[in-house]
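Student: Sequence:
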Amino acid sequence: MNRWMVIVGLVAALLVSPMIAGPASAADVSVTLIAFNVNWHVGSETAAATPTITVSPGDTLRLQVHNHDAFGHTFTFPHFTVNQPLAAGSSTNPTVIFVNITTSTSDNGRWQFYCSIPGHAPGTNESRTGMVGWVQVSTPAPRPTPGFDVVLVIAALAVVAVSVRALHRRKK
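Note that our numbering has the sequence shown beginning at 2, numbered continuously upward.
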């Protein structure tokens with residue numbers, strides 16, 4: 002009997018453990034951000050312009066910022082007090098800077114980065130156009146709470162264990 006109780010207990014623990022596990026730990030989010038044709042792109046020159054990079058509070062955003070244009074830019078990110086110049090580069094010999102940003106719960110929201118060279122990102126704040134991008138810091142949706150289906154699975158396992166035990170006793 003003890004052997005079956007141990008088996009049922011282990012199976013029940015395996016079913017329930019993902020629901021009672023703590024929150025996911027902070028992550029390192031590595032992104033290559035490319036300045037090309039007076040636009041920001043993530044990963045390659047052909048990726049969509051005006052990207053949005055999504056991270057969770059506590060994550061460290063590790064940006065490799067490349068300049069593939071033959072003229073200078075800046076990587077300006079006011080919310081995180083970043084304003085770095087990017088010297089002229091090219092697709093085959095880009096200028097590269099590294100920017101590391103650790104987020105927190107106070108950073109929840111959508112934050113704009115841009116190039117502050119006149120004419121590269123005209124407008125102000127939300128209406129800025131051109132060489133702009135966004136970082137979205139948001140808490141992931143919470144895991145669902147255990148529902149009735151989990152209780153049914155555990156109950157079914159208990160019924161199976163009791164049935165097997167009863168059959169085992171009849172054979173003796």
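It should be emphasised that the hints constitute simulated quantities derived from the structure, not laboratory data.
Among the clues, some could well be false.
To be verified - Beta-carbon label-pair distances, calculated as ranges:
(1) A50 to A156: 18 to 24 Å
(2) I155 to N84: 15 to 21 Å
(3) A89 to S139: 22 to 28 Å
(4) A27 to L168: 47 to 53 Å
(5) V165 to N109: 48 to 54 Å
(6) T53 to L168: 55 to 61 Å
(7) V154 to V97: 50 to 56 Å
(8) R63 to A88: 54 to 60 Å
(9) R63 to A159: 47 to 53 Å
(10) F99 to A159: 52 to 58 Å
(11) T82 to A27: 17 to 23 Å
Every residue, glycine too, gets a C-beta built ideally from N, C-alpha and C.
Student: So which hints don't hold here, by number, going up?
Tutor: Hints 1, 2, 3 and 8 contradicted; others consistent.
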